[in-house]
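Asks: The residues making up each chain are set out below.
2 protein chains.
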Amino acid sequence: MMPSRLEELISALRCLPGVGPKSAQRMAYHLLQRDRAGAVILAHALESATANIRHCSKCNNFSEEEVCSLCLSPKRDSSLLCVVEMPADLLMMEQAQCYRGLYFVLMGRLSPLDGIGAKELHLERLLRRVLEHPCEVILATNFTVEGDATAHYLATLLQSQQVKVSRIARGLPMGGELEQVDSGTLAQAVLERREVSA
Amino acid sequence: MMPSRLEELISALRCLPGVGPKSAQRMAYHLLQRDRAGAVILAHALESATANIRHCSKCNNFSEEEVCSLCLSPKRDSSLLCVVEMPADLLMMEQAQCYRGLYFVLMGRLSPLDGIGAKELHLERLLRRVLEHPCEVILATNFTVEGDATAHYLATLLQSQQVKVSRIARGLPMGGELEQVDSGTLAQAVLERREVSA
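From first to last, the protein sequence lines stand for chains F and H.
Using this note's numbering, the first residue of the first sequence is number 4, and each one after it goes up by one.
Using this note's numbering, the first residue of the second sequence is number 4, and each one after it goes up by one.
Derived by calculation from the structure, the hints in this document are not laboratory data.
Just to be clear, a hint being listed does not mean it is correct.
[Unchecked claim] A few chain H positions that, by computed beta-carbon distances, are all more than 10 Å from chain F: (1) SER82; (2) CYS101; (3) ARG103.
[Said to hold, decoys possible] The calculated label-pair distances, taken between Cβ atoms and stated as ranges, are: (4) F:GLY118 x H:ARG79: 46 to 52 Å; (5) H:GLN191 x F:ALA40: 39 to 45 Å; (6) H:GLU195 x F:PRO24: 32 to 38 Å.
We treat Cβ as the ideally placed atom computed from N, Cα and C, and that holds for glycine.
Turn these sequences into a full structure, and let the hints guide you.
Replies: In structure tokens:
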């Protein structure tokens with residue numbers, strides 16, 4: 004009833020995260036019915052990306068070269084190393100234009116239930132790098148339960164090696180109103196209050 | 004900051020229905036990070052499907068041949084033609100094992116706001132086929148506003164050519180309880196009541 008190549012396409016689409024059998028079928032129909040050109044472009048993009056994109060040997064971010072352009076840039080301050088979870092977080096940091104140091108991208112967060120431990124995050128590579136080139140490590144993992152746990156684990160690991168470690172501040176966002184912020188954030192903002200210089 | 008091939012992959016993934024910039028990024032990261040084998044299989048499935056799958060010249064369903072195996076089967080009753088919206092609907096009909104006739108797959112439904120009219124649904128092909136091989140047409144489009152409108156349009160078109168047209172019944176589902184069914188369905192079930200044979 005269904006051509007075998009269509010069945011294969013539907014089954015292959017399920018490798019995408021969050022795509023179940025119904026969505027995969029809808030996607031396959033859409034591509035074959037209304038966007039065959041898009042499907043061909045997607046096929047080429049998948050092949051080109053899988054064949055050419057690897058991880059930068061220094062910062063672990065996605066890169067087409069052995070060492071990515073950011074790590075090679077002489078304009079970056081090598082005395083600072085910012086640890087983020089994902090490449091998207093690195094992009095946000097760069098867009099904020101608040102940081103001129105280097106990065107280490109974990110490509111995830113500690114999540115024992117999903118089988119993601121210290122080994123999967125290449126923490127031994129991070130540790131080796133920090134010991135070879137001493138620097139201040141700024142932990143910029145997310146303020147979620149898993150992101151916090153990852154930061155805590157990293158802080159313990161690095162401080163045991165006498166590395167200076169800091170964590171980006173938690174507090175009210177720009178334009179934030181006390182009335183609308185959640186109590187956890189407010190409590191943390193009070194706890195981490197800073198003296199006002201005269 | 005982001006390799007160009009990664010940007011291209013994220014942009015190409017947006018040809019999938021329901022995939023916005025954030026999901027496309029998540030999908031690209033997932034494939035490169037955790038499932039490169041799946042990405043390669045998907046690339047091949049996309050290429051193979053777009054190159055080999057076309058529409059059956061008789062029933063308009065997806066097919067790898069000029070005429071699909073269902074249309075060629077001598078076991079099917081050619082005096083019945085069931086019109087469905089999508090290939091998935093045809094599969095449901097086949098699974099119900101209640102029908103041994105042939106099909107015509109609209110690959111959509113009338114939806115003027117989305118620019119889908121009689122021409123996009125190849126209704127002239129359906130009409131030609133019915134006039135060449137007279138048969139009873141069973142309308143099995145969905146009982147949605149657009150599916151009903153499509154059925155109404157088709158019924159008017161076909162009856163003007165003296166074709167016998169029927170619509171699958173609306174009523175309470177198997178195991179349905181009056182207390183739980185919506186009033187529209189109940190009203191229709193009363194309206195379409197059938198005499199009980201003694």
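Asks: For every hint, state whether the structure bears it out.
Replies: Verification of the hints:
1. H:SER82, annotated as away from the interface, keeps every beta carbon of chain F farther than 10 Å; the closest lies near 21 Å.
2. Chain F leaves H:CYS101 outside its interface by the beta-carbon criterion, the shortest separation being 15 Å against a cut-off of 10 Å.
3. Even its closest Cβ contact with chain F, about 14 Å, leaves H:ARG103 beyond 10 Å, as expected for a residue assigned away from the interface.
4. Taken as a hint, the range 46 to 52 Å holds for the pair F:GLY118 and H:ARG79, whose Cβ atoms sit roughly 50 Å apart.
5. Distance hint for H:GLN191 and F:ALA40: a CB-CB separation of about 43 Å, consistent with the stated range 39 to 45 Å.
6. In this structure, H:GLU195 and F:PRO24 meet the distance hint of 32 to 38 Å, their C-beta atoms being roughly 33 Å apart.
When held up to the earlier numbered hints, the structure conflicts with none and fits them all.
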